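Engineer: For the protein sequence lines, the chains are F and L, in the order given.
Throughout the first sequence, residue numbering follows my numbering, covering 1 to 281 in sequence.
Throughout the second sequence, residue numbering follows my numbering, covering 1 to 356 in sequence.
Some clues are possibly wrong.
[Unchecked claim] When the alpha-carbon atoms are kept at most 30 Å apart in a straight line, the in silico BS3-like pairs for lysine-lysine are as follows:
| hint | chain 1 | residue 1 | chain 2 | residue 2 |
| --- | --- | --- | --- | --- |
| 1 | F | Lys25 | F | Lys188 |
| 2 | F | Lys25 | L | Lys17 |
| 3 | F | Lys169 | F | Lys69 |
| 4 | F | Lys25 | L | Lys226 |
Calculated directly from the structure, the hints in this document are not laboratory data.
Only a predicted model underlies this, so the values are computations on that prediction, with no experimental measurement involved.
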Amino acid sequence: MQNPYLPYPVRIDDMIIETEDKNLKTFKFTFINPEDEEKFGYRAGQFAELSVTGKGEIPIGIASSPTEKGFVKFTVNKVGLVSSYLHSMQPGDLMGIRGPLGNSYPWDMLEGKNVVIIGGGFAFTTLRSSIIYMLDPQNRMKFKDIHVIYGARTPGMLLYREELAQWEKRDDIHMHITVDGTDDPDWKYNVGFVPTITEQKAPQADNDTYAIICGPPIMIKFTQPVLDNLGYAHDHIIMSLENRMKCGIGMCGRCNIGRHFVCKDGPVFTLAQLNTIPKEY
Amino acid sequence: MKVILIEKAQWDEGIEKAKGSYRLIGPARQGQFTEFRKLEKGELPDFNYANTRLSAKELVYPQSEKMFDYTLDESQPDHHLLQEPEKDYSLRAVVGIRPCDADAFALVQRNFDTPDYQDPYWIRAREAITLVGYACSAPCGTCFCTSAGSGPFNDAGLDVMLIDHGENFLARIVTERGAAFMEAAGWQTAAGDDADQHIAALKSEAEARILTHIPTDNLKGQDTLKLHGASFWDDVAFACINCGTCTYLCPTCWCFDIQDETHGKKGMRIRNWDSCMFPLFTLHGSGHNPRGEKIQRVRQRFMHKLKYYVDKYGDGIQCVGCGRCVRHCPVNIDIRRVCELMNSYGPSEDACAVAS
Chain F
1 MQNPYLPYPV
11 RIDDMIIETE
21 DKNLKTFKFT
31 FINPEDEEKF
41 GYRAGQFAEL
51 SVTGKGEIPI
61 GIASSPTEKG
71 FVKFTVNKVG
81 LVSSYLHSMQ
91 PGDLMGIRGP
101 LGNSYPWDML
111 EGKNVVIIGG
121 GFAFTTLRSS
131 IIYMLDPQNR
141 MKFKDIHVIY
151 GARTPGMLLY
161 REELAQWEKR
171 DDIHMHITVD
181 GTDDPDWKYN
191 VGFVPTITEQ
201 KAPQADNDTY
211 AIICGPPIMI
221 KFTQPVLDNL
231 GYAHDHIIMS
241 LENRMKCGIG
251 MCGRCNIGRH
261 FVCKDGPVFT
271 LAQLNTIPKE
281 Y
Chain L
1 MKVILIEKAQ
11 WDEGIEKAKG
21 SYRLIGPARQ
31 GQFTEFRKLE
41 KGELPDFNYA
51 NTRLSAKELV
61 YPQSEKMFDY
71 TLDESQPDHH
81 LLQEPEKDYS
91 LRAVVGIRPC
101 DADAFALVQR
111 NFDTPDYQDP
121 YWIRAREAIT
131 LVGYACSAPC
141 GTCFCTSAGS
151 GPFNDAGLDV
161 MLIDHGENFL
171 ARIVTERGAA
181 FMEAAGWQTA
191 AGDDADQHIA
201 ALKSEAEARI
211 LTHIPTDNLK
221 GQDTLKLHGA
231 SFWDDVAFAC
241 INCGTCTYLC
251 PTCWCFDIQD
261 ETHGKKGMRI
271 RNWDSCMFPL
281 FTLHGSGHNP
291 RGEKIQRVRQ
301 RFMHKLKYYV
311 DKYGDGIQCV
321 GCGRCVRHCP
331 VNIDIRRVCE
341 LMNSYGPSED
351 ACAVAS
């Protein structure tokens, strides 16, 4: 019997400070046993438990894309016991990854469709995974127009800034980067909250257009009415939830919303689904 | 199903004989309560009890259980790698488990043994255990097993069911595993042809002693969001002190926490029973808590057992009617009353709520 609690051993290959407050670091892991990388086959939107021996585990969205080989990446906000310790670790250190866990963004459903990605703050990790996945030469033709609306408080708080700049230069993805405010005279993108920019830049809804939203509750609260006004049906609005988790496999009981477990039945739900479930997230 | 007759005079001898093949666990008096524990040589299960205070779940799912060992000592080749510990899954048998507790194992199995993931700790411990039940001739006043898909003589979760019959026990063999136990104990005398009749009569008498009948027929049809928003939750939760007693005593509560405990360079990853009654259970790292209020946690416990589970599995409520939470709740919250409220919730109650 396979033990679903046993992580794959990994080594920290690289760590990058992502944001100016230094609270977000991206960790690049390589598998100690090469065959584990194959076992860890994942889809964009899934997460994993990062296991720091002696400290515990944390559920974190996978920031790398299944099209990127040889490593997996996670961007971790420094919050509690495990994430704080993780921030103090060094390249070369040994730890574990357990997963992939949860469902993913509904890639079968999104094929042949326009995809509008709306992200805020550090909830951009699985969205990065999704963008890299869709832009892969093998995959780009599977999707129609791709829009990305991504905002942070300041330019220095945006994740993956170099990649954002590269995507801005491409003609097969419509980037709408924004910040709440900045005193940088060289800032050449948008200024304004994500809901406002969504109102200005997001395409009108149609049956072939899906929105994926990931961000802090306040952003989601004010973005949803904007999407309603643009005519997005609730089964065309896709969201990824977070709840406190331990097991990640639907057994330990804490992350439920109604009869569904965020860890196993989610973390991705359509708004239409969420409308029928108690809002305990 | 085959029924064996055990003369009570042969009881001690059979129990000792079974100890040769099984680690025997049985009810034993501990202070003012009866609890399950290993029976030592010469010790018999104490059948002078209505039910144990704690359920039998800990026999398969200990309150605290080691999942992995590890060392942080970098001079060791396996440092920082989790190692599965050696565990003793040798044969064991519980003699004197009540039918409700045995049913609870079948119910909880749905959580730990799923098509997608199998919890090896729970499954291996469950596979190692033989359940020799003891039918309830005198159920407690708080029992409502017959409303919860179980019953005082329900042998669905058992391997063998013992029935007290004067000078004898009648032992109904339910599974192969049960037959193996009876053989190990040396009890092989077939009961008379009238045994089934006796059992049926005793069963009817026992069921008639269960006075509480709780309707559950409307739970599935209820709208989840309406039930979640019902006005009665304030009243239900008012007295609750979130002590978690109900969840710890409950044979069907399965929630757990996972923690690393390090001593010097060595440590272990363990799991502990957890409780939806505690605010920490759902607290996010950000400080946000989706069930930060007492009423949300009390509602979660009852909604899980009496609505979410019902909808998810389509096989009744997540409760076997043992009545422990009713007996031991320090503020007298009664799941039977809450079930009635939930089952009968309807437009008429909304109308009252608006009118008041």
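Engineer: Confirm or reject each hint.
Structural biologist: Verification of the supplied hints:
1. F/Lys25 to F/Lys188: 25 Å, holds
2. F/Lys25 to L/Lys17: Violated, at about 63 Å.
3. F/Lys169 to F/Lys69: Between lysine 169 of chain F and lysine 69 of chain F the Cα gap is close to 24 Å, so the pair holds against 30 Å.
4. F/Lys25 to L/Lys226: 43 Å, violated
Of the hints listed earlier, those the structure fails to meet are numbers 2, 4, in rising order.
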